[in-house]
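The residues making up each chain are set out below.
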Amino acid sequence: MNTKKIILGLFAAILTFTSCSDDEGVNFQPVALGAYENGILVVNQGVYGNGDGSISFVSNDLSTKNNGIFSFHNNSVPLGDVGQSIAFYNNLAYIVVNNSQKIEVVNRYTFEGVATIDSGLSNPRYMTFVNGKGYVTNWGDASNNADDFIAIINLSDNTVSSTIAVGEGPEHIIALNNSLYISHKGGWSQNNIISNIDTTDNSVTTITVGDVPDEMVLDSANNLWVLCEGRPSYATPETGGKLVKINTADNTIATTIDFAAATDHPKIMTYNLGSLYYYINDTIYKMDEADSTLPTTAIITQALTEGDLAIKEDRLYGTRADYLTGDSELIVYDLSDNSLINTLELNTGAYHTYFN
Amino acid sequence: MIEKITSFVLTLFTCTLMYAQQDSIVTLGTVTLSDVRLKNTLNKSLIVKISDSLLQNYHGSFTNLLRQQSTIYLKENGLGMVSSPSFRGTNASQTAVIWNGININSQTTGQTDFNNVGLGGFNNITVKSGGGSSFYGSGAIGGSIHLQHNISFKKQQTFNLSSVIGSYNNYIQSGNLTIANKKSYFNGYIKHQAADNDYPFLGTDIINDNGQIENFSVGFNTAHKIGKRDILKAYYSYFTNNRNSARTISVPTKSRLEDKNRRFMLAWNRKATKTTYNIRIANLEEEFKYFENRFKKHLFSGSEVSSIIANADVDYQFSNRLSIKAAVDANLIEGEGDNIGKNTRKNIAGVLSFTHKPLKKLSYTVTGRKEATNSYKVPLIGSLDVNYKLLKWYTVGVNGSKNFRAPTYNDLYWKGLGNSNLLPETSHQANFNHFFNYKKNSLQLAVFYIDTQDMIKWTPNSSGVWRPGNVANVKNYGLETTFNTQISYKKHQIHFSGNYVYVKAVDQETDKQLIYVPIHKVSGTVSYNYKKLTVFYENIFTDTVFTNGNNTNSLFAYSVSNAGLSYNLSYNKSNFIISGRVNNLLNKKYENVISRPMPNTNFLISINYKYN
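The listed protein sequences derive, respectively, from chains A and B.
Counting in the numbering used here, the first sequence runs from 1 upward without gaps.
Counting in the numbering used here, the second sequence runs from 1001 upward without gaps.
Keep in mind the hints are simulated off the structure, nothing from the lab.
All values reported here derive from a predicted model rather than from experimental measurement.
All C-beta atoms, glycine included, are put in the ideal place defined by N, C-alpha and C.
A few of these clues could be false.
Unchecked claim - Here are some chain A residues the structure puts well away from chain B; computed CB gaps all over 10 Å:
#1 Tyr89
#2 Val130
#3 Asn154
#4 Thr199
#5 Ala249
#6 Lys286
#7 Asp291
#8 Glu329
#9 Asp334
#10 Asn338
Stated by the list, open to error - In silico lysine to any residue, SDA-like type, Cα no more than 25 Å apart, as pairs:
#11 Lys1342(B) - Glu238(A)
#12 Lys1415(B) - Glu306(A)
#13 Lys1296(B) - Gly120(A)
#14 Lys1254(B) - Val160(A)
#15 Lys1342(B) - Tyr234(A)
#16 Lys1342(B) - Thr236(A)
#17 Lys1254(B) - Ser162(A)
#18 Lys1415(B) - Glu238(A)
#19 Lys1491(B) - Leu1569(B)
#20 Lys1415(B) - Tyr234(A)
#21 Lys1415(B) - Asn281(A)
#22 Lys1296(B) - Glu168(A)
#23 Lys1289(B) - Ser122(A)
#24 Lys1415(B) - Thr236(A)
#25 Lys65(A) - Asn1550(B)
#26 Lys286(A) - Asn1461(B)
Whenever a hint applies, use it, and build me the whole structure from the sequences.
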């Protein structure tokens, strides 16, 4: 689920019902494993406003599950409001907590706290690293379309050392050599650009792509594939999704593939061994990176919410969360025969998965 | 509007119950009810009445007053922040709030924020449990709260000034003047409050650093008698409320809410031999602004709604045993906002009610209401009440009704998300009521059942887009009771009052309790008075509430108590009342909305000067 929709929809819902949820007494059974290497980390968003974001650990064989590991290893301090994403650097995990306006820095294997970056961020989203510096996308205020920025993090003292102003709604950020690519999903609105930042001088150039660019992946030839969701049904006009391939050697658009209808909004994408995998309308498709048309047959039919797809060792991981009831699941498929392996119940709002 | 109640003197707990008040027909010369339809509901529902004398000396929040004195459960997003009521496990938009007979629930949200209603303009609050859509329209499903200024043509000159100082820089000043004679009545009031509200969150090192509030209310209530049969009345109320919105444990914020409410009403009453006429025309205006960052005040979103309301009631008394009432309600509502566009709603409703007393001790009333509107379909609704006075001190009643709640502006028109095909929520309910009354002791007990269909709920679709739909079906059942008793010995008086409600509110799809509905809520007050001194103690217990639909997450149950004393120094017609109060006596850590802690122990001191 993306925050823009939470703001538009949930805000209206809150005005009407003031419904909320909670982090106390959840299915948290502390089992001190000591180390969280060799497993899967899941960021659970929690419910917007409830302060019940959390991190779950699941062992690679899916037999062990620990919910709430951040809180467990940090004196029961809650992670915060809307767990967003994790970025890894050496032995550290940087957990971006969107609505709490902070990044929790922990040891990625023990989850013991190292630092909290809680100054200089404004609705932080995603983070990556180039040449020993951290770069974090920030939406700024929802009501302001001119205050969006990339925060540069000094990793030695965990402070925001400077910022780079960018267009509205910077979302995902990935690094390629000294260069950063940022998809401008649009924050609480909709945008249609990719920013490219040269980290040697922090200069910014933009590439116009389809509407609402979200996930980005690099293929085997370092082409940048951008999944553009299209403008949603509540925006005017609604537009269909696009898959855009950018040649990173000269930052030109190599290929644009349109989804058929204006109501087609692909949601999440990942890349594995020469193939793109994306999710649309309760189905998952696989497309070869050499193809220039969309596949017509789905490989898996499975309802997910918009966390992400992640693939490792022939297994595909997705998440599904119901923010009203509290249902929250990690769903695992075997890609060798596209069969369901298991479904694990996690804390509220399962969202992104990472391999540790 | 801090949880700092001041309460006073003899009057402190004269929160009397309305049992046995006979249908006091609106007549000239005595007190006239501003809500002329309320008399039709007496003896048919569990009712708590909060009197003028209590209100006059009360300086705390409306939320806290209702929480303590009635069976209503209220949840607050932190002290002074958005506060929503729940009767019998129904939600805030299923509670109708009635100002001098007019429904004032917000057109945008469908509910009333009880920290956004200025106290000062009312001299009577009646809390009525159970459905009442036939007379009060949308939202009267769980119950209704009636804010009234009743007018009395009795010679008086009363003047009241008070000043309050409380913890966390809470300052309240207010003035109230009433002048009346046999022909005319005038009441004017003014009130201002400012508070920093920067209390610490117990058990953390966080301070409620964005909880500042400031509000101001001014208004008048006036009436003039013409000849022997006619009264003209005018009511005006203006309330402005600027609140920074409090942070949560996990979320720092710079946001702010600014509300303005204006209400004006003209009323004409005429009493002929057998016929009574009441005509009212009102204009309500609500304005709302939300600032995400209060340091950048040029960026905000908001809405403005203006309503014109016209009501006409005719009562005809065929005999002592038979009467009929016919009424017409017309509304014209214009709303405009950043998220709801510009939309106009019109509706007109007709009500017919028939009361018959076939036996001396038995009476029944049948009521029906039909509405026509341009924006949604409203079903035919109605009610049937039967009351039997079994004993001199015991009356039993049964009633059944069908009620509705209209979709709001947000539900219908929210940009891109609103659903113009929404139906109103409808509910069927049954009540079995018992009224006991003996001397100064009274007890009311109701067993209730409410079945609500087509409940409007915002849910995400498969693309994660949240939209409203008529998706839920909920059944509520339980028991509600309220009592009041007084013991006097020479100049000593002890007063007890208490409320208890047991409620199950079950979603029929999941078979789970609804979120934020405590199964048990108990409130009790005891006060002792000796001559000019009054001491009191009060306590509220609120059971665990679930915070998600699966009922796997919850907030702890809590019990919070307050205590205080007051002393009245009177000289001739002048009274100085000095009082002090301690809230959250035992410094309990509690939240009534997740992640939003309520204040620790805090104090309030007030001085009241009254001339009469």
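Results of checking the hints against the structure:
no.	hint	verdict
1	Tyr89	holds (25 Å)
2	Val130	holds (29 Å)
3	Asn154	holds (22 Å)
4	Thr199	holds (30 Å)
5	Ala249	holds (35 Å)
6	Lys286	holds (20 Å)
7	Asp291	holds (25 Å)
8	Glu329	holds (12 Å)
9	Asp334	holds (24 Å)
10	Asn338	holds (20 Å)
11	Lys1342(B) - Glu238(A)	holds (22 Å)
12	Lys1415(B) - Glu306(A)	holds (22 Å)
13	Lys1296(B) - Gly120(A)	holds (17 Å)
14	Lys1254(B) - Val160(A)	holds (20 Å)
15	Lys1342(B) - Tyr234(A)	holds (17 Å)
16	Lys1342(B) - Thr236(A)	holds (17 Å)
17	Lys1254(B) - Ser162(A)	holds (22 Å)
18	Lys1415(B) - Glu238(A)	holds (13 Å)
19	Lys1491(B) - Leu1569(B)	holds (17 Å)
20	Lys1415(B) - Tyr234(A)	holds (7 Å)
21	Lys1415(B) - Asn281(A)	holds (23 Å)
22	Lys1296(B) - Glu168(A)	holds (18 Å)
23	Lys1289(B) - Ser122(A)	holds (22 Å)
24	Lys1415(B) - Thr236(A)	holds (10 Å)
25	Lys65(A) - Asn1550(B)	holds (20 Å)
26	Lys286(A) - Asn1461(B)	holds (24 Å)
When the structure is compared with the earlier hints, no violation turns up for any of them.
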